[in-house]
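Here are the chains, one letter per residue:
Number of protein chains: 2
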Amino acid sequence: MNLPSLKNDVFLRALLRQPVPYTPIWMMRQAGRYLPEYNETRARAGSFMGLAQNREYACEVTLQPLHRFDLDAAILFSDILTVPHAMGLGLDFVAGEGPRFAHPVRNEEDVRKLTVPDMGKLEYVFEAVSLIRRELDGKVPLIGFAGSPWTIGCYMVEGKGSDDYRLIKSMMYSRPDLVHQMLRINAEATVQYLNCQIQAGAQAVMIFDSWGGVLAHGAFQEFSLAYTRQVVQGLVREREGRQVPVIVFTKGGALWAEQIAETGCDAMGLDWTASLGKVRKQVGDRVALQGNLDPMVLFGPDAAIRSEVRKVIDDFGPVGNGGHVFNLGHGISRFTPPDAVKALVDEVHTYSRRMHAE
Amino acid sequence: MNLPSLKNDVFLRALLRQPVPYTPIWMMRQAGRYLPEYNETRARAGSFMGLAQNREYACEVTLQPLHRFDLDAAILFSDILTVPHAMGLGLDFVAGEGPRFAHPVRNEEDVRKLTVPDMGKLEYVFEAVSLIRRELDGKVPLIGFAGSPWTIGCYMVEGKGSDDYRLIKSMMYSRPDLVHQMLRINAEATVQYLNCQIQAGAQAVMIFDSWGGVLAHGAFQEFSLAYTRQVVQGLVREREGRQVPVIVFTKGGALWAEQIAETGCDAMGLDWTASLGKVRKQVGDRVALQGNLDPMVLFGPDAAIRSEVRKVIDDFGPVGNGGHVFNLGHGISRFTPPDAVKALVDEVHTYSRRMHAE
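Taken in sequence, the protein lines are chains A and B. Heads up, my numbering is the position in the first sequence plus 694, with the first residue counted as 1. Heads up, my numbering is the position in the second sequence plus 694, with the first residue counted as 1.
In case anyone wonders, no lab produced these hints; they're calculated from the structure. Some hints could be false.
No distinction is drawn between identical chains; accordingly, a pair holds when it is met within one copy or between any pair of copies.
Listed below are the simulated EDC-like cross-link pairs for lysine to aspartate or glutamate, each with C-alpha atoms no more than 16 angstroms apart in a straight line [as the list claims (entries may be wrong)]:
{"hint": "1", "residue 1": "LYS972", "residue 2": "GLU952"}
{"hint": "2", "residue 1": "LYS945", "residue 2": "GLU1052"}
{"hint": "3", "residue 1": "LYS945", "residue 2": "ASP857"}
{"hint": "4", "residue 1": "LYS1005", "residue 2": "GLU916"}
Quantities reported herein were computed from a predicted structural model and do not represent experimental measurements.
With the hints as extra help, turn the sequences into a complete structure.
In structure tokens form, the structure reads like this:
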């Protein structure tokens, strides 16, 4: 397979803390419902899974934000729940309610039945990666991703989103052995899944530990971080003669920044509650930082967006050997006016280019 | 007014970091829906507001958990939204949906109309405090409480609970002057409200900054912490010849522990993501700590509850001059089996008494 080589590698260089001319930016959920063209494609696809499982549609929506905005990376359009879906849990997206599993994991028998799925069942994802790489034609790097073992485990047990995680935490405090067994399987599946994405052409990968932050101190280390580390350690880190950087994002994880930095990842994603400058002092030069504008800033006027962008860049501090990838602290809201993103991207590039020149 | 004097002051002493024979415990939302007798009283009252606005009912449910469990403090049964209700926003509790305001604060005109309410409109709260004090007959201290200016502001603008705080954050990033104006009024109202509770007999007060943790680093300091500090600084701190300790609880606030400790409060509440030992090292002996068991632990078996209780107590570390009040990291879940609370309270008392004797 002959994949086009990269024209803009600023994002990859920043993740590896190599010199860059400006701070690169991409946005979590950048291919999403705030874009009318996304909603149009989704309507054609009929459903979320119809979109995610069709490589042409997945490619189309992945590229949409790049046509509008001067972003420095593309991210595969997919979902973290493709893995448990391939395990046979029966994923469905209920309108207005989000994801739901037909067969959640609720007891010992359910856990015993779990196995690492055949990666052939996820071929649609890897085909999308290859197609997107070809269509990107080297414009910017393509990010692959997966949920952390704990985060997909939350959905597998709860069966859907939750506001208290009562079912998985009940299991965790009653039968920790079952939860560990599920997380071991999730970790092995996630290693294989991300390595297949890398094999197919993903140039960086991100692990979304979206729900690690709901755990108690102590439980986070045991049930989330330990398995995220297993995934990081199992990944292929070089491909096409380049390093493939790994980003770990734990929502609400700033309290545990030093431990997350020790998983072996190249970069750590942070939400808006963190001070990039403070975390940088804690983790030193071990990892790059990605983040962390509050997505709600994009509901302010142009001047406020630009001022908040500068605060984040200033908080990160002197660019030195880089190591900052600008992003939102969480996914972009579906209600965001697309023009706000224009101001965001422009300010990140303009302001940071000035700082890098200094 | 001649109020009964205290028989058990372990809770107050721990808040003031004075020697105690064991670690005291109470639970956020201890008078609540997990108790069948609460649901019975609520059914008689007809509605949540019917319960909160009737001093006999409020007194009855405040005392219910003390009949069942050996708790070291009572907390006034009320709601943080009584203050905006008194401002004329029209609070209602919609079944299955939680609180809702008929007249939320959405624009400049709405903000201009806001004023500090006449405390006479909140007389039902102060009467409940006095009645509960008499009925408690000095068994344990009574805690009064209020929401932080930011937290009640979130509800005032959103009109109800929110998962992204889009309306108040949009206003905050577009018209920070309006949000500051609202927060100034909320702070002044909260000072008066808590001082009236203290005047009526509250022996400690707690400020719930339940939504401070949704703010970005920087915005938290400007829009939440600054006004919490104003409230703390405005409070009457002595009554009936005793200090009236002030507890500040910011959900998700452990990242900012040092700054919260500097508000002038006597104690800081922490959720389960914090390590009490780590926070204690950060804040030294400036404040006592309250927390921080994950309420979901109460869905585990007896042995797991006891083991997790010991972890929290061990994490706090050597008792020295005390300074630990045991609590959950957030309100108790309505689905909690009451017997789990028995194990919790017993283990806190038994295990900590051994540690205090050493």
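Here is how each hint holds up against the structure:
For the homomeric pair LYS972 and GLU952, the shortest alpha-carbon distances inside one copy (11 angstroms) and between copies (13 angstroms) are both at most 16 angstroms. In this assembly of identical chains, LYS945 and GLU1052 lie within 16 angstroms of each other by CA distance neither inside one copy nor across copies; the values are 33 angstroms within and 40 angstroms between. Taking CA atoms no more than 16 angstroms apart as the test, LYS945 paired with ASP857 passes in both settings, with 14 angstroms inside one copy and 14 angstroms between copies. Taking the closest pair of Cα atoms, LYS1005 and GLU916 come within 16 angstroms of each other only across two copies (14 angstroms); inside a single copy the shortest separation is 35 angstroms, beyond that limit.
In summary, the one numbered hint that this structure violates is 2.
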